[in-house]
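> Same order as they appear, the protein sequences are chains U and C.
Each residue of the first sequence is one higher than the one before, counting from 1 in the numbering used here.
Each residue of the second sequence is one higher than the one before, counting from 1001 in the numbering used here.
Quick caveat, the hints were computed from the structure, so don't treat them as lab data.
Treat the hints loosely; a few may be bogus.
What the hints assert, rightly or not - Simulated pairs of lysine-lysine, DSBU-like, Cα-Cα distance not exceeding 30 Å: (1) U:K107 x C:K1081; (2) U:K81 x C:K1109; (3) U:K201 x U:K38; (4) U:K132 x U:K83; (5) U:K83 x U:K113; (6) C:K1109 x U:K107; (7) U:K115 x C:K1109.
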Amino acid sequence: MTMKNRLLPALLLFVATTMPLIAGGYEVGDSATDFSLKNVDGRNVAMADYPDAKGFIIIFTCNHCPYSVAYEDRIIALDNKYKPKGFPVIAINPNDPAVQPQDSFEKMKTRAKEKDFTFPYLFDEGQIVYPKYGATRTPHVFILEKNDEEYLVRYIGAIDNNYGDADAADERYVEHAVDALLRGDQPETTFTKAIGCTIKKQ
Amino acid sequence: MPYFAAILTFLLIAMCPHDGVAQSLPEPAEWLRVDSSPVSSDGSSVPVYEGFDQLSPLLRPQADTLHVINFWATWCAPCVKELPYFEEAAQRAWDRPVRITLVNLDFRKQLSTRLLPFLRERKLRTQIVVLDDPDANSWINRVDSSWSGAIPATLFLSEHTRVFVEGSLTRSSLNELIESLLKE
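Can you make the complete structure from the sequences, with help from the hints?
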């Protein structure tokens, strides 16, 4: 018991510093909130703007993170493959540009143009949306399925199991999950982890 | 006199901050040469491990030792900011049973272009190992089930306690935690 007492101040400090990372956020099965965030074209985008979508591949990602950059082409490929089937990609930059200037709205526009993003690349101004979803890193994927007026979380995690080499990835989590949803099934794998950059906040 | 030499040698080995990992881990896939000097001191090479299984002996608690294991990468700004704190902590605790290991997660193809120049410039004295295992979903939970995968992340491991921190440490929070865990 004395041991625990001595440890307590330090542990409390850590709980306090790590709390925002573990508090809140969706689990698979939860109903996700819609958002209205500014896209790189200057217009706001919300999920409600897509009346015909069956669901969404929401990806918290950014400019500066090497893992995000490593996945950019794969994110474009996902959008090209699944937008016509009713599951478009919506990318959201959750970072505070005051902490990471490379993730400013202006630089987002530049990157979206350079890479010819086929999907909206939204700025989570004021960092309102990512804590609701519980994103902790970039890239971090949330697959939502539209059910009446709800957006149900069906998968949370990584895009695949090899950030370094798309061809070497033998578990394509996002593709498997969306394919299952398109068949009317539930994804076999609903939650995965990956190394990524912390979301930058003050 | 020979006894003295033997004791001195023993002390030098015992005090060497780089000692230990080689004994508990298998032969790595590759050694990165940090220092090309022919009479280089210890710490001149960094082992590269392919696959988490090879590194997993690191996570075994050791009797009477507090092991601090930090996951970092050169491209991760908050990780780089913390590195001096670990260096200082290792020096502060040089005569106490604290072992610090920095597990580097740089991309394999950037080891020679990014990590090596970084290590040459920084001259880090803390033990560094490179982990190259892109299938992170298969090993993140083995480090700690509460870890989402964001770095920096640090595990404090002693025989009876484990504390895991996802996110940044400050100089004082690192030192306080080490001191608290050492008092157990």
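> Check the structure against each numbered hint from earlier and tell me which ones fail, lowest number first.
Of the numbered hints, all hold.
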